[in-house]
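Residue numbers (the UniProt record's numbering), protein chains in the order written: chain A, 1 to 591; chain B, 1 to 591.
These are computed hints drawn from the structure, not numbers from a lab. Don't take every hint at face value.
Put simply, identical chains are the same to the list, so a pair is met inside one copy or across any two.
With a cut-off of at most 30 Å between alpha-carbon atoms, the simulated DSS-like pairs for lysine-lysine come out as follows [what the hints assert, rightly or not]:
(1) Lys494 / Lys63
(2) Lys63 / Lys6
(3) Lys6 / Lys379
(4) Lys445 / Lys515
(5) Lys276 / Lys113
(6) Lys501 / Lys524
(7) Lys525 / Lys505
There are 2 protein chains.
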Amino acid sequence: MDQLPKCAANYVPLTPITFVKRAALVYATRPSVIYEGTRFTWQQTYDRCLRLASSLRSLNVGKNDVVSVLAPNIPALYEMHFAVPMAGAVLNTINTRLDAKNVATILSHSEAKIFFVDYQYVPLASEALRLLLADTKQSPASESTIPLVVVIDDVDSPTGVRLGELEYEQLVHKGNPNYVSADIEDEWDPIALNYTSGTTSAPKGVVYSHRGAYLSTLSLILGWEMGNEPVYLWSLPMFHCNGWTFTWGMAARGGTNVCIRNTTAIDMYRNISLHKVTHMCCAPIVFNIILEAKPHERRQITTAVQVLTGGAPPPASLLEKMELLGFHITHAYGLTEATGPALVCEWQAKWNQLPSNDQAKIKARQGVSILTLADVDVKDLGTMTSVPRDGMTMGEIVLRGSSLMRGYYKDPEATSKAFKNGWFLTGDVGVIHPDGYLEIKDRSKDVIISGGENISSVELESVLYRHPRILEAAVVAMPHPVWGESPCAFVSLKQNSNGGKDDVKESDIISYCRKNLPHYMVPKKVEFLPELPKTSTGKIQKFQLRALAKTYKASEKNMGSKNRGQATKVNKGSKGYNSNPHEQILALSRL
Amino acid sequence: MDQLPKCAANYVPLTPITFVKRAALVYATRPSVIYEGTRFTWQQTYDRCLRLASSLRSLNVGKNDVVSVLAPNIPALYEMHFAVPMAGAVLNTINTRLDAKNVATILSHSEAKIFFVDYQYVPLASEALRLLLADTKQSPASESTIPLVVVIDDVDSPTGVRLGELEYEQLVHKGNPNYVSADIEDEWDPIALNYTSGTTSAPKGVVYSHRGAYLSTLSLILGWEMGNEPVYLWSLPMFHCNGWTFTWGMAARGGTNVCIRNTTAIDMYRNISLHKVTHMCCAPIVFNIILEAKPHERRQITTAVQVLTGGAPPPASLLEKMELLGFHITHAYGLTEATGPALVCEWQAKWNQLPSNDQAKIKARQGVSILTLADVDVKDLGTMTSVPRDGMTMGEIVLRGSSLMRGYYKDPEATSKAFKNGWFLTGDVGVIHPDGYLEIKDRSKDVIISGGENISSVELESVLYRHPRILEAAVVAMPHPVWGESPCAFVSLKQNSNGGKDDVKESDIISYCRKNLPHYMVPKKVEFLPELPKTSTGKIQKFQLRALAKTYKASEKNMGSKNRGQATKVNKGSKGYNSNPHEQILALSRL
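Next comes chain A alone, as it looks inside the complex (with noise of 0.2 Å):
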C-alpha cells in the first residue's frame, strides 16, 4: 500500500490556525471575543487576524520570528494567537509579573523582532529595554538586537503613553483582509516561545510546534468534556502555556471569550453573571477570591461554572462551598513542557455516591493522561521501572506523547537532559492508585529521604495546610545525623481572633502531626515565618527554606519557637515576594 504517496488533499499539517479560520466560516455570526464594550464575531475576529497577520509581514516579520508580547487578558492578546502563526512567526507571550531585568533576558534569548506592550506595561517595557540597550552598547558583539515596539491601546489608556511611532489596532485596521495566511509548511515548525519562571535556574525558552498545540487543544476540550458554545472567562493568563491552549480551544469550539484585565472579585462575578460564564480555569488562590468577595462585589450565578484548576489540591470544605456557588472543579496536572496540562481528573459518575469527603479526596487526585499522550508513567527513582498501582509506591512521573514540547531554545544541553531513554521526564513524584489515578506526590528534589523512606513534603504540607490556623506550609529536608534526612516544615499563621498569631507553638503543631501522619513523617523541627519566600510568579522558593534547614543541624537542640527570629531575617532578605493574591494566581504546582 506503500503507492499512495500523502497529497495536498489529503495531508494537511495541523495547525491551531485551522481552528480560526474554520469557525469563521461555521461560526462567523457567534460572538468570539466580548471586553467591556467590545464585541466581535469569529467572522471578524479572523478578519483581525489577517489583518495583523498581513501588517506584521510588511514589518518584515517572517517564518520562525519571534513576536513578543507583554499584556493582560485583552482581545490584543487574544489575537495574537493566531495573527502571529499566520504571519509564519513565533509567539512569546511574557509574564507580566517578570522585573525589567527578566523581561529584557527573554527579549535578548528570544531575539525578538517585535514586542507589543500594552499601555499599562509601558514603564516596565521601557525599563526593559534601557536594559537590553545597555547591554546591546556593553557587548556589541552580543546577538541583541532592540525590537520593534507596538503599544496597545485601551479604552482607559491615558494620552501620551507611547513607546515609539506604532499602535496595534492601527495595524489592524491598515492590515490587508484579503491576506492569506503563511502556509505552514511542516507542522513541526514553532508556533510559540514560553519562558518557564525557573524556581531553580535561569528561565528556559519552552517551544511548542503547531502539530503540538493542535493536538493539546483537542485534547484538553475532550479532558474537560468541553461542549460547544462555551462562554470562557479568562481568569488564566493567556501567557501560561497559552491559555492552556484554550487560546486556540475557543476557536475550536466556536465559544465565546470573555476578556478581562484584572482578576478581581468586582470584575469576575459581574461577567460570569452578564455573559453567563459557563467554562473558567485558574488557580485555587483564585477561589478565595470568590469565596471572600465583599457582598457588593457578588452578582448571582445563574449557571454552572466548570472550573479547571491546577497546582495544590483545594481541601474539602473549600470545595464545597465553591460547588454550593455553582463552581464545579475539575483538577489537572500539567507543566509548560507539556503545553499545559498532562492529566486531569476525569470524573466519574458513580463517585457521585460518595460523601463529599472522600469526594474532595479523588479531586485532589490529577487523574489521568489526556488523550494525545501516548504514555504516562511512574517510574522507580533508582532503576526507572514502572512502580506498582498501589496508590502508595512512589516514583517520577514521565511522559510521552506528540502534545510535548520541541525542546528548550538554544539549550541543547537542558533538552537532552529533560528526554530520557524515549520518555520527557517531569521532575515530579506520584503514585498511581489501582483505578490508573495518578496522584503528585512531590517534586523529585523535594522528596526527603529518612531512613531509607520516601516522604512527600507534599503530602506532609496538605495535612498541615488542614490546620486551622496555618496560612502557608513547606517541608524541606533538614540533615540529621541518624537518619540522614528529617522533615523541616515552615510556616505562617492566620491571625487569631484576637488579632494575634503568637499563640500556637511548634510543638501544637508537632503534636497535630503524630496525629493525622505516620511518625516517620512527622516534622523535626517547625519554623514559624511571618510569610514564607516566593518568585515573583508566586511560587515558594524551597531553595531558600532548603539553604535555612542546613543550618540548623549544628544546633538541633536548640531549635524552638526562639529561632523565629532569625528565619524572618532571612526570609526579608528574599526579592520578588509578593503576597497579592493576583500574583498568586500563577502558584500552580507546575502549571
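Knowing the structure of chain A, use the given hints to seat chain B on it.
Chain B in isolation, oriented as in the chain A frame:
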C-alpha cells in the same frame, strides 16, 4: 529553532492503538464490551487484543498484510479493530450483505492473508472461497491466493460448522498477553481497507492511515459532543467505515460497547433499556424499526439516547416521534473516503426556541465540517470557484484534510481522479446557508439540468417522500426535446386501508408536486414500481432507472400508469435486491 529535532518522547506516531492501551491503564475496571452474557473490562479487552495480535504474528501476519473479516457486530469484530493493527496488519471488514462473488473479488483484490468468518456467514464464505479457488486454478499467474480461514464461534453456534482448523477464541486463548505491539513507524502507515459498495462502478478499496483514523476519531467525539462514559449501542455495522470510527472512539472515551447480532426492535429496546444506552448511530430506516415495534418488543427508555444518523433527512413528524421516545437525533454527512462523517449538524442553543418544523429543517442539514478537516467548500461545477453562501447556489462539495483516505488500493487512476487541485471531490452537490451550514442537494451525476436550471433529485424526492402514500421514491433525468432533460419520478406505494395500492394515479402525484414545488421541478413523468431496484447494500440503483427513463423519450406521449408492467419487469430482473429493513441500514446516501 530548527535545532530541536524530533525524538522518541515528543514525536509519537498518531494511532488509534494508543486509545486502547490508555483505556486499559486509565479505565481498567470499567466495562468495555457487553454482548448478551459476555462482559469485558478495558483491561481484559486490551489483554485479549494483545493475545490475538501475537497469534496473528505466529501465523506470519506482518506489516501491511491484509486481514479480512466477515462478521456482524460481535465482540470479535470489535477486538480486531485493535488486534489487527497491533500486529502491524491492515483490517479489512467486509460488508456481510455482499454476495459470494463480491466477497471473492475483495479477498482477491486485497490479497487477504487471513479471513475471519463468523459462524453465521460460513456458507457465504465457503462459496466465496470456492470461487476464489476456481479463479486461481484458471489463471495460476494471477495474484489470487487463498487466505487462511479462522471461524468465529458464538454461544449459539451449531457444532460442526467448520471451515478449517482455526477458531477465534482459541487464537485469543493461546496468544501471549505480554506481546509488545508492533511499532507504528509512520502514522501514514495503513490501518484499514474498506471497499465501497460501488453504485456505478466496481468496488474500490479505500485505504485509511493510522493518522487519518486517529484524527477522525477525535473529531467525531468532539463533533457529536460525546462526553465520558458513553454506553454505545452497535446499531450501525462496524464494517461500515469502521463504525464511523466509534470502534476506536469507544476506547478513546472509555465507553461501553453494547454489541448486538441483529438490528431488530426487540434487541435494540432490550439493550437500550438494560444497559442505559446513551449513544447510537444508524440509518434513518432504523427509526422505522424503533417506531413500528410491537408492544411486546418495546421497553421503557429512561435515559436520553443521542442518535447520529446520515443519509436522507428524516421528515419532521418522524423526528418528533423519535424525540418523544427519548431519541435525540443529529444529522451527519460523510463517505467512506472521509473515514465516515465529514460534516455534522452541530446544534445551536438558540434553535431550541424555533417551532419544531423549523427545527426539523435545520436538522435536515448536513451541517459543519468536523474539526480535523482542514477545509470544506462548495465549488461551482464548471469554474471550481466557491459558490456564494446563499443557501441556493449549488456546487460540488470538496474536502481537504488529514482525516481523508490515503487513496484507492491498486487504483492510481481513480485516486488521482478523486484528488484534484488539492481537494477531494465528493461528487455530491450542495449549498451553503448564510450561517455556514451545508446542505446536500444531490450526487453530481444525479443533478437534472432542465432548460439550464439545476434540479436536485434529492430535493424532489424529499417532497415525494412527504406524500402520505409514497413508500419509496427516486428521480432521474429523462431526455426532453425542448429542455434537454426533465425529471422522471419512480415511486413505490404503501398499501391503503383496503390493502390495495392502485388507487393513486400519476396525475395525483403530479398535481401534489405542483402544489409543493416550483413548476420547472415538477416531474414530467411518474412511474409506479412495486419496489425500486437496489444494490445488495440497499442503495437505490439509479443507473437502472436512468436506463429505463431513456427509453421513454420516443413514446413520451403514451407514457401513463399502463406502463407499470414494463417497469416491473426491469425491476424483477435486478439482482441483489432485498427489502429487509436490516439491509437498508446501509441505505445512507453516502455513509
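Okay, the hints, checked on the actual structure:
1. In this assembly of identical chains, Lys494 and Lys63 lie within 30 Å of each other by CA distance neither inside one copy nor across copies; the values are 52 Å within and 65 Å between.
2. In this assembly of identical chains, the alpha carbons of Lys63 and Lys6 lie at most 30 Å apart whether taken from the same copy (24 Å) or from different copies (19 Å).
3. In the homo-oligomer, the alpha carbons of Lys6 and Lys379 lie at most 30 Å apart only across protomers (23 Å), although the nearest pairing inside one protomer, at 38 Å, exceeds that limit.
4. In this assembly of identical chains, the alpha carbons of Lys445 and Lys515 lie at most 30 Å apart only when taken from the same copy (27 Å versus 80 Å across copies).
5. In this assembly of identical chains, the alpha carbons of Lys276 and Lys113 never lie at most 30 Å apart, being 39 Å within a copy and 58 Å across copies at closest.
6. Within a single copy, Lys501 and Lys524 get their C-alpha atoms as close as 22 Å, which meets the 30 Å cut-off; across copies the closest is 94 Å, which misses it.
7. Proximity of Lys525 and Lys505 under a CA criterion of 30 Å is satisfied intra-copy only: 11 Å inside one chain copy versus 98 Å between copies.
Violated hints for the displayed structure, listed by number in ascending order: 1 and 5.
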